[in-house]
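Enquirer: So the protein lines, in turn, are chains A and B. In terms of our numbering, the numbers along the first sequence are unbroken and rise by one, the last being 301. In terms of our numbering, the numbers along the second sequence are unbroken and rise by one, the last being 320.
By construction, these hints were calculated from the structure, which means they are not laboratory data. Misleading hints may appear alongside valid ones.
[Stated by the list, open to error] Chain B is nowhere near these chain A residues, computed Cβ spacing over 12 Å in every case:
(1) Glu88
(2) Ser146
(3) Lys166
(4) Lys168
(5) Lys220
(6) Pro224
(7) Ser280
(8) Ser287
[As the list claims (entries may be wrong)] Chain B stretches covered by chain A per the calculated footprint, using a threshold of three residues with CB under 8 Å from any CB of chain A:
(9) 207-221
(10) 296-308
Quick caveat: nothing in here was measured; it's all calculated off a predicted structure. Every residue, glycine too, gets a C-beta built ideally from N, C-alpha and C.
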Amino acid sequence: MQRSESVRKEAKFIPKGESVRKEAKYMIFQEAEIELLNDKAKQIRRDIVEMIYKVQSGHIGGSLSIVEILVSLYYECMNINPDNPVWEDRDRFVLSKGHTAPALYAILSDRGFYPREYLLTSFRRIDSKLQGHPDMKKTPGVDMTSGSLGIGLSAACGMALGARIKNKPFRVYTIIGDGETNEGQIWEAASTAAHYKLDHLTAFVDCNKLQNDGDTKDIKEMEPMKDKWQAFGWNALEIDGHNIHQVLEAISSAWKCHGKPTVIICRTVKGRGVSFMENSITFHGSSPNDEQFKQAMKELT
Amino acid sequence: MKTKSSFRDALSEALISAGSELESMVVLTPDLAKSVRIMDFRNKFPERFINTGISEADMIGVAAGLTTTGLIPVVVGFSMFVAEKPFEQIRNIIAYPNLNIKIIATHSGICVGRDGATHQAIEDMAIMRVLPNFTVLAAADAQETKAAIKAALQHHGPVYLRLGRDEAVPIYDDDKEFIIGKSDRLQEGNDIALIACGIMVNNAMDAAKQLRQEGINARVINAYSIKPLDEAAVIAAAKETGAIVTIEDHLRVGGLGSAVAELLVKSCPIPMETIGVDDMFGESGSSNELFKKYGLTVENIMQSSRKVLQRKIYAKKREC
């Protein structure tokens with residue numbers, strides 16, 4: 001919280017509370033602000049690499065590919081309160097690609113849900129609040145348990161339907177992996193969201209082109225991704241998922257879209273930010289050794 | 001003979017009654033509203049009714065999401081499609097996070113009849129019972145269905161309620177008290193205990209009547225709460241009668257019989273027989289034809305009772 005406050009003070013672009021949505025419609029981004037968010041992304045990447053290195057376990061590549069999306073959501077767009085993680089009007093986030101929990105954990109820590117020291121020493125360890133995959137009952141700030149692929153989008157739909165039934169103003173965000181769209185349940189949920197016109201739901205597809213066994217195009221080709229979502233009745237946008245300006249513009253455009261859920265297809269690089277991890281299938285689930293860790297941290301300064 | 005009444009009509013009535021009292025209750029179904037007769041709920045509370053279409057996995061995920069907004073989702077459909085098909089989703093985002101969701105499953109067991117093996121959920125209790133945090137219940141008739149739904153909604157946590165397909169002979173009057181973790185002793189007796197659940201409770205009652213004609217006093221227990229099981233009642237039955245037969249419209253393994261055996265083996269091992277479907281799938285036919293072919297009739301209970309009583313005599317001799 002504190003660190004995020006300081007960013008907010010400097011940049012004056014992270015509105016608090018209700019003001020988020022009102023101002024958001026007119027978001028204009030200054031280069032200096034984007035630069036600060038890019039710095040924040042770099043810091044989150046360092047935390048991701050360090051927490052995985054320390055426990056020698058965790059999915060590093062896919063965590064590094066969603067950093068800009070999470071930074072944009074958690075520092076710019078989402079209405080949350082780290083002092084009250086279960087605030088009922090908060091915006092919700094579901095990490096449907098739950099194996100990339102390190103990215104979410106690093107962000108939540110930085111936003112003040114728990115200390116950074118805890119983040120770096122507890123991930124995937126016994127008796128920890130920071131489980132291998134997100135756990136809504138153990139981790140403050142985690143809105144939905146996930147990790148079994150394909151389920152998160154359905155849960156996000158349930159949250160959005162709940163908001164409507166209870167007449168609550170919150171928005172729901174989720175990140176799905178491109179490999180994860182192999183799951184039939186994603187398309188069941190995509191149909192549900194479109195059928196119920198869940199325009200307060202926004203999904204990001206992290207298209208980093210790699211999944212567990214290799215290139216997504218070799219395992220099961222899901223392209224053309226944008227056409228598929230459009231055919232399912234979504235407002236589909238396609239952006240560079242590492243360009244924070246584009247991410248923010250896309251979210252802003254999702255807010256303006258009525259009667260349809262929005263999907264933001266993010267073209268990303270698995271392992272982004274660390275040269276030898278970029279586009280490497282090895283770093284889907286492997287952890288860096290001592291030398292690789294040093295090198296990675298050097299590249300991320 | 002008493003007039004039979006329908007599980008599904010009782011379900012419809014109970015949901016409307018609960019929905020009127022409980023504003024946070026939301027009903028979900030995977031395109032089975034007509035089949036499970038919950039159209040009245042839909043018509044009365046359209047804003048609290050979600051038909052997810054034939055997408056059971058998605059439906060479970062949606063239900064999980066709904067709970068995070070303070071709503072209580074009640075998922076209604078056939079056992080095969082609301083328990084067995086989306087089992088992994090239930091395991092990972094309902095049971096594991098211990099969410100307050102109720103799954104009400106009709107068409108449980110071989111009683112489903114002519115639809116055949118693909119629709120006869122004979123493993124549902126086995127798979128739901130092994131899930132941590134889950135409560136597993138079964139209703140024997142229409143009155144018990146209503147009482148079970150009320151009790152399930154009052155309980156905080158995931159509940160699976162198992163119902164038969166169509167009609168059942170009434171066991172209870174209006175004042176059935178349903179307490180999770182308890183059971184009902186429907187008939188007193190100290191020679192043997194018949195422990196049944198769901199539609200098999202009626203067969204157990206009929207078997208007890210016939211046993212009495214043979215001079216055997218059978219205790220009949222309706223173990224409507226399969227998990228948590230009424231351990232005190234089962235142990236008391238074992239100690240006081242020394243012979244137990246369990247009866248269920250389910251596989252012999254994994255359900256009520258297993259729950260009773262798991263308990264007795266560590267607390268009071270006595271001769272016990274189980275009645276249920278053997279290690280095989282069902283087929284099309286009328287319910288009665290299937291009960292006969294797959295060994296779930298009153299006559300089967302009689303045979304197992306005689307067998308277990310013989311074993312009880314041998315056991316006593318060994319003790320001497």
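Enquirer: Next, verify each hint and record whether it holds.
Expert: Here's how the hints hold up against the structure:
no.: 1; hint: Glu88; verdict: violated, 7 Å
no.: 2; hint: Ser146; verdict: violated, 8 Å
no.: 3; hint: Lys166; verdict: violated, 5 Å
no.: 4; hint: Lys168; verdict: violated, 7 Å
no.: 5; hint: Lys220; verdict: holds, 18 Å
no.: 6; hint: Pro224; verdict: holds, 23 Å
no.: 7; hint: Ser280; verdict: holds, 29 Å
no.: 8; hint: Ser287; verdict: holds, 25 Å
no.: 9; hint: 207-221; verdict: violated (count 0)
no.: 10; hint: 296-308; verdict: violated (count 0)
Violation of the numbered hints given earlier is confined to hints 1, 2, 3, 4, 9 and 10; the remaining hints are satisfied by the structure.
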